[in-house]
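Colleague: Chains A and B supply the protein sequences, listed in that same order.
If you number the first sequence the way numbering that gives the first Met the number 0 does, the last residue is 230 and the count never jumps.
If you number the second sequence the way numbering that gives the first Met the number 0 does, the last residue is 98 and the count never jumps.
There's no promise every hint is true.
[To be verified] Listed next, with one range per pair, are the computed distances between beta-carbon atoms: (1) G52(B) <-> N4(A): 16 to 26 Å; (2) R84(B) <-> N26(A): 21 to 31 Å; (3) A103(A) <-> V66(B): 19 to 29 Å.
In short, the hints are calculated from the structure, not lab data.
Note that beta-carbon positions come from the ideal geometry of N, C-alpha and C, so glycine has one too.
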Amino acid sequence: MLFHNILFFIAAIGALSGAIGVVTVRNPFYSVLALVFHLISLAALFLLLRAEFVAAAQVIVYAGAVMVLYVFVVAYVGGGDEPLPAGGAQFKVLGPLFALAVAAELSIAMLGTALKGVKHNGAKYTLGFGTPAHIGNLFLTKYLFPFEVASLLLLVAAVGAVVLARRRRGLEPDVELERQVRVPAPSYTGTMAEAAGTRTAGTMPAPEPGSVPEPVGHGSGGGPPRYEGGW
Amino acid sequence: MAIGWYLVVSAMIFCIGAAGVLARRNPLVILLCLELMLNGANLALVAFARMWGGEDGQIFALIVMVVAACEVTVGLGLIVAIYRRRLPIDVDELHELHG
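Turn these sequences into a full structure, and let the hints steer you where they fit.
Modeller: The structure is reproduced here in structure tokens:
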């Protein structure tokens, strides 16, 4: 029992410090790392509550897959330090105040609870409580409908993420198109001759406007360049 | 360890997450703080499942994890779309949803 208590306090302090780290660290990358620490400590708490399958899913799905997604997006977006508060300074004060109010409310609810079981270590449980066999059995019998709805929800979220994050022409500045339609540079610029000083740039007469070849886009045939339409 | 201790930890995690959602301005960090709030709720669910000796609360916690994964996927997709359009990644500047 003593060993159980020590493990609980280690895991609880780990989870709380990880949570505080997520909120207070300014670099989003370190926030993600603090959240990974928090999730692993929380998995230890789940194990102490005899929820083996939930703990394993927490480590594999959350701390593994979802956090990798986070790290990818932080690396893609840049994840620089947050700028100092300019406008929303009142939320810097109101946010913690609101959190304190919620904490006071929750502690009143917990101190004044009529639940007898809160003061005990939990009910008697059967052998194999919280194992994958039991959870899987429940998911395929009693909770089959939520299970199927969850799979549908995952499908919708995956399709939605692809639709949201894909590249759309016309909405964002198109660097490639700007490079194609730019007026050609004068002759001999950017050549070895210019670098060696044997011929300075711009000494060639500028070509007349009519003789400049039209920038041709990729693909066969002339006409205006065609763009993939977004929807 | 009495179940009440687990509930206290879960309430504290929830409150820390709520403070983060309100105080931070980077949408990435706001999503992380939402995860914190969901995890606090998850811990309470698993603790109550232990209190009653039934596994139904653990099923509920697993469904909450699925919903959290979906929310993260869509949220990160939105952040990538915002970044592609060269908009500032700051919820105070993105308060108007006309595009």
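Colleague: Would you mind marking each hint as holding or not holding in the structure?
Modeller: Checked hints:
1. G52(B) <-> N4(A): 16 to 26 Å: 21 Å Cβ-Cβ, so the 16 to 26 Å window holds.
2. R84(B) <-> N26(A): 21 to 31 Å: holds, 24 Å
3. A103(A) <-> V66(B): 19 to 29 Å: At 28 Å between Cβs, range holds.
Hint compliance for this structure: every hint is met.
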